[in-house]
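S.K.: Each chain is listed here by its residues.
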Amino acid sequence: MALFNKGYGDSKAIGVFGALSFLTGALVLATAMTGIRLLLALAYVVGVCVLFSRDSFRDLRQLTKLVPMVIVVSALLWREEYQPTMVPAIVSSIPFISGLLVGVEMSIRAVVMVLAISAFVRTVKFTELCYLLERVSKSRTFSFIFGLAFNLIPYLERIARDTMSSIRLRGGFRMRNLASSVRHMLSSTTLNALAKCDDISYAAEARAFGLGGVRPNHNLGYHQNGLSIDLVILTATAIVVALAFTLRG
Amino acid sequence: MTDLQKEKRAPRFSTRDAVYIAVLAAMWAVSETVLGGQLHALNIPFSGVVLTAIAVFLMITCRSLVPKIGSILVMGIVVALLRILSIGGVILSPTIAIIMQALLLELTMILSRRVTALSSSIGGMLAEFWTFFHPFIVQPLLFGLPMLTIYQKTIISGSQILGINPANVLVILAVLLIIHGIVGIVTGIVGWRFSTRVMEILRR
Chain A
0 MALFNKGYGD
10 SKAIGVFGAL
20 SFLTGALVLA
30 TAMTGIRLLL
40 ALAYVVGVCV
50 LFSRDSFRDL
60 RQLTKLVPMV
70 IVVSALLWRE
80 EYQPTMVPAI
90 VSSIPFISGL
100 LVGVEMSIRA
110 VVMVLAISAF
120 VRTVKFTELC
130 YLLERVSKSR
140 TFSFIFGLAF
150 NLIPYLERIA
160 RDTMSSIRLR
170 GGFRMRNLAS
180 SVRHMLSSTT
190 LNALAKCDDI
200 SYAAEARAFG
210 LGGVRPNHNL
220 GYHQNGLSID
230 LVILTATAIV
240 VALAFTLRG
Chain B
0 MTDLQKEKRA
10 PRFSTRDAVY
20 IAVLAAMWAV
30 SETVLGGQLH
40 ALNIPFSGVV
50 LTAIAVFLMI
60 TCRSLVPKIG
70 SILVMGIVVA
80 LLRILSIGGV
90 ILSPTIAIIM
100 QALLLELTMI
110 LSRRVTALSS
120 SIGGMLAEFW
130 TFFHPFIVQP
140 LLFGLPMLTI
150 YQKTIISGSQ
160 ILGINPANVL
170 VILAVLLIIH
180 GIVGIVTGIV
190 GWRFSTRVME
200 ILRR
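Chains as they are written, first to last, in numbering that gives the first Met the number 0: chain A, 0 to 248; chain B, 0 to 203.
Be careful, since some hints might not be right.
Stretch-level coverage of chain A by chain B, calculated; a stretch enters the list once three of its residues show a Cβ under 8 Å from a Cβ in chain B [what the hints assert, rightly or not]:
| no. | segment |
| --- | --- |
| 1 | 17-25 |
| 2 | 100-108 |
| 3 | 153-162 |
| 4 | 166-174 |
| 5 | 181-189 |
| 6 | 193-202 |
By construction, these hints were calculated from the structure, which means they are not laboratory data.
Glycine included, each C-beta is placed from N, C-alpha and C at the ideal position.
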């Protein structure tokens with residue numbers, strides 16, 4: 000499938016509890032820490048990404064426009080006093096430096112958040128995440144819905160492409176009939192897709208999915224090997240959060 | 000095991016409900032990745048409005064076909080996960096927008112108890128309003144509260160440079176908000192009309 004990414008690339012799977020503790024710790028640090036202490040959060044998140052998920056650094060591309068803009072705008076427009084701890088007062092009194100420091104701090108916070116969320120998504124196994132969601136929602140259909148939606152995407156793309164071609168052949172998608180063409184395409188594609196639902200649900204029920212035949216899926220569940228990594232990440236997160244709050248006080 | 004116990008252990012959605020949610024979620028995911036990717040690559044303004052309009056249409060159709068609490072939210076979570084899995088990488092902003100729009104529509108439908116023209120238009124309007132407010136909420140979340148001060152100062156400086164009253168900037172923002180609201184109402188009503196028609200076709 001061209002559009003969707005099934006593998007982990009350069010990432011190693013952490014257990015769901017380790018990944019969740021890392022995410023929570025990183026987000027707490029990013030929101031609660033200010034000034035130089037934010038660098039501790041950055042160092043921790045970068046460290047975890049280097050060890051477990053180097054692909055996450057690629058997701059920083061979404062900040063390439065925002066970060067320079069935020070730094071420049073805050074350097075030019077910020078006029079209030081800003082004195083981070085550990086930065087000499089003489090430095091922050093220079094014009095534009097206060098704004099620049101605010102911009103840099105905001106950018107570090109955004110980098111920490113993006114890296115933390117990206118590392119969480121890339122390291123946690125989707126089967127484990129689905130299992131967790133099913134446990135929380137007490138519904139056994141979530142992974143079925145997710146898996147089915149994932150597998151239906153190429154089929155729906157084909158329907159949409161065929162419908163679009165046929166509308167275009169009838170003179171659609173011109174400026175004068177653009178709105179009606181989009182409406183026709185959307186309704187036609189949706190109806191076509193919904194017409195397939197009967198077949199899929201009969202096939203699923205024939206494979207004993209449904210009210211009577213629901214059995215625990217042994218492919219889902221927490222993996223055992225990652226337990227030690229989970230424990231290490233949990234401990235590391237607790238130490239870093241405790242250290243950051245101690246330094247703050 | 001008694002029938003009551005069986006019913007308690009049963010999944011909340013039937014197989015057919017789950018299939019409807021999956022199909023519509025896949026359609027939403029396709030529109031987000033294919034159309035959304037192209038619109039953003041071309042830097043077309045108001046691309047979020049178009050994508051939200053399609054999403055509202057699909058969410059209302061989903062709620063009409065699966066009139067159970069949580070159907071829209073489950074659809075939103077599935078689409079958000081599919082968006083995360085898409086080849087462009089983990090992009091936070093659209094993922095948050097998808098979940099918030101699903102949440103807003105879900106809350107509207109819970110409060111109205113059933114899918115009507117009024118509830119669909121209100122839900123559509125709220126989802127489109129979220130598209131408008133989205134950057135003003137997500138960026139302060141991501142960058143921290145000083146972002147709000149930066150916005151305020153940018154508006155004041157921008158209006159001084161252009162020689163317009165800062166109050167006029169607010170008028171422009173209000174007009175944009177109204178446009179978003181109107182698109183949301185129209186999409187909600189179109190979605191509701193389509194879903195009632197689909198129900199008739201599927202009943203045949």
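S.K.: Hint by hint, say whether it matches the structure.
M.R.: Taking the hints in turn, this is what the structure says about them:
1. With 0 residues having a beta carbon nearer than 8 Å to a beta carbon of chain B, the segment 17-25 of chain A misses the requirement of three or more and the stated coverage is violated.
2. Evaluation of the coverage hint for the segment 100-108 of chain A: fulfilled, as 5 residues show C-beta separations to chain B shorter than 8 Å, against a requirement of three.
3. Restraint check on the segment 153-162 of chain A versus chain B: 3 residues with Cβ-Cβ distances below 8 Å, three needed, restraint holds.
4. Residues of the segment 166-174 of chain A with a Cβ under 8 Å from some Cβ of chain B number 0, which does not satisfy the need for three, so the listed coverage is violated.
5. Taking a C-beta to C-beta cut-off of 8 Å, the segment 181-189 of chain A contributes 5 residues in contact with chain B, enough for the three needed, and the coverage statement holds.
6. Using a Cβ-Cβ cut-off of 8 Å, 6 residues of the segment 193-202 of chain A lie near chain B, which meets the minimum of three, so the contact claim holds.
Comparing the model with each numbered hint stated earlier shows that hints 1, 4 do not hold.
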